[in-house]
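Full structure from sequences and hints, please.
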Amino acid sequence: MTEQIVIVTLLTFLVISVVGIIVLRNLLAAVILLGLYSLVAAGAFVVMDAVDVAFTEAAVGAGISTILLLGALSYTTHVQKPQKHNNYAALLFVTVTGALLIYGSLDLPGYGSATSPVQAHPEVGRRFIDESILETGVPNIVTSVLASYRGYDTLGETAVVFTAGIAVLSLLGRRRRLTRDEHSNSTDEEDLV
Amino acid sequence: MLFIVNTLSWILILVGSVFLVAGAVGLIRMPDLYTRLHAASVTDTGAMILLLSGLMLQAAFVFQNPLALIKLFLILFFTLFTAPTASHALAKTALLGKLMPKDSAGNDLLPSADHVRQLADSSRPDP
Amino acid sequence: MFTAATLAILATMLLTIVRALLGPSIYDRILAVNSFGTKTVLLIAVFGFLTGRPDFLDIALVYALVNFVGTIAVLKFFEYDDLGSGAYQDDDF
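Residue numbers (the numbering used here), protein chains in the order written: chain A, 1 to 193; chain B, 1001 to 1127; chain C, 2001 to 2093.
Hints are computed from structural coordinates only; laboratory data are not their basis.
Because the structure is a prediction, the values reported are computed rather than measured.
Built from N, CA and C at the ideal position, the CB exists for glycine as well.
Certain hints may be false.
Unchecked claim - EDC-like, lysine to aspartate or glutamate: derived pairs with alpha carbons at most 20 Å apart:
id, chain 1, residue 1, chain 2, residue 2
1, B, LYS1098, C, ASP2055
2, B, LYS1098, B, ASP1114
3, B, LYS1092, B, ASP1103
4, B, LYS1092, C, ASP2058
Unchecked claim - Okay, the calculated bits of chain A under chain C, using three or more residues with CB under 8 Å as the criterion:
id, region
5, 11-23
6, 43-52
7, 55-62
8, 95-102
9, 141-151
What follows is the structure, encoded as structure tokens:
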């Protein structure tokens, strides 16, 4: 019972923080609230027993992406431009996409359902539970799937994320060097004056 | 024995919960950032110590889970270092950002923005 | 007992979110988010005991540290308006 209350409350917090992000014109405040959104989502994931997802959400959502967005904001203005015209086409597109996603979610098995296709399959779950420790030597079954059975997939994902990180860092780093040079030039001029 | 432990952790956890809510109400009602910082510290350290002590008692005597006890202790240990550090950094950054301290009526407590910044680095000579 | 603590933490989280939405200054929002992170740590810890499985406490431990590092990084950004090498530090202050 309490578990349901906690989950519903956390999801309500999620909605509140998203509405705040949409309404606020100050981009810095929106970035900070995005960190709060990630914390709420991570809390909800822990409560729903998806600890690995929660861990990723906290590290990436609340940690890295907040810092990356702030780094990006330091090169631009901190306030969103007021909108000049109403974008009804975009609103329609977003509404239709959202409705389709909700329609798709109706087919998903219920939360914690024991009769979902994954759980009801006669062999797969049993096999991982019985054999994964013998085959891979990893005590955690989820980790054994992620890092051993589909290890190449995970390696590919890691390579993609790593490449993206390198690209962002190289872009930001190059820009910083330029501004620093301009900065030192300007102080030189002031000294001359 | 178990009765004593349960009563003690009941008291600790309930008092910690009261601290939590009181600090959160302070976070809403205090007039400016610096007083809100004080209210938030009540939840960040005071309530943290009480609640985690209650949980540690439960982990040690009711659940008999030494690993959980050690983890709770580590959480408490790190929080007691990180929460005051974060509060200090936040206050210092706000002073450097010239955020004016205000009293409950909304009046400025310092004559000018430069005085605010001066509070942040007392080691530096006067401008 | 754990239920009472969980409800208290949820109420605290709600008030903290209200402060994060109200602002008014950016530092108030940072304070609220930092405080919210501490509440998340507490919620995970208490919830583990509520369900009788205090096994996820190491996640709470990691959250406490990530929250601290994140707050310090954001504050560094506001102090120097830059996250990088600290090239402006000596010029500005």
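Against the structure, the hints:
1. LYS1098(B) / ASP2055(C): violated, 45 Å
2. LYS1098(B) / ASP1114(B): Roughly 7 Å between the alpha carbons, so the hint for LYS1098(B) and ASP1114(B) holds.
3. LYS1092(B) / ASP1103(B): holds, 19 Å
4. LYS1092(B) / ASP2058(C): Roughly 31 Å separates the two Cα atoms, so the pair is violated.
5. 11-23: holds (count 4)
6. 43-52: holds (count 4)
7. 55-62: holds (count 4)
8. 95-102: violated (count 0)
9. 141-151: violated (count 0)
The structure is inconsistent with the numbered hints 1, 4, 8 and 9, although it conforms to all the rest.
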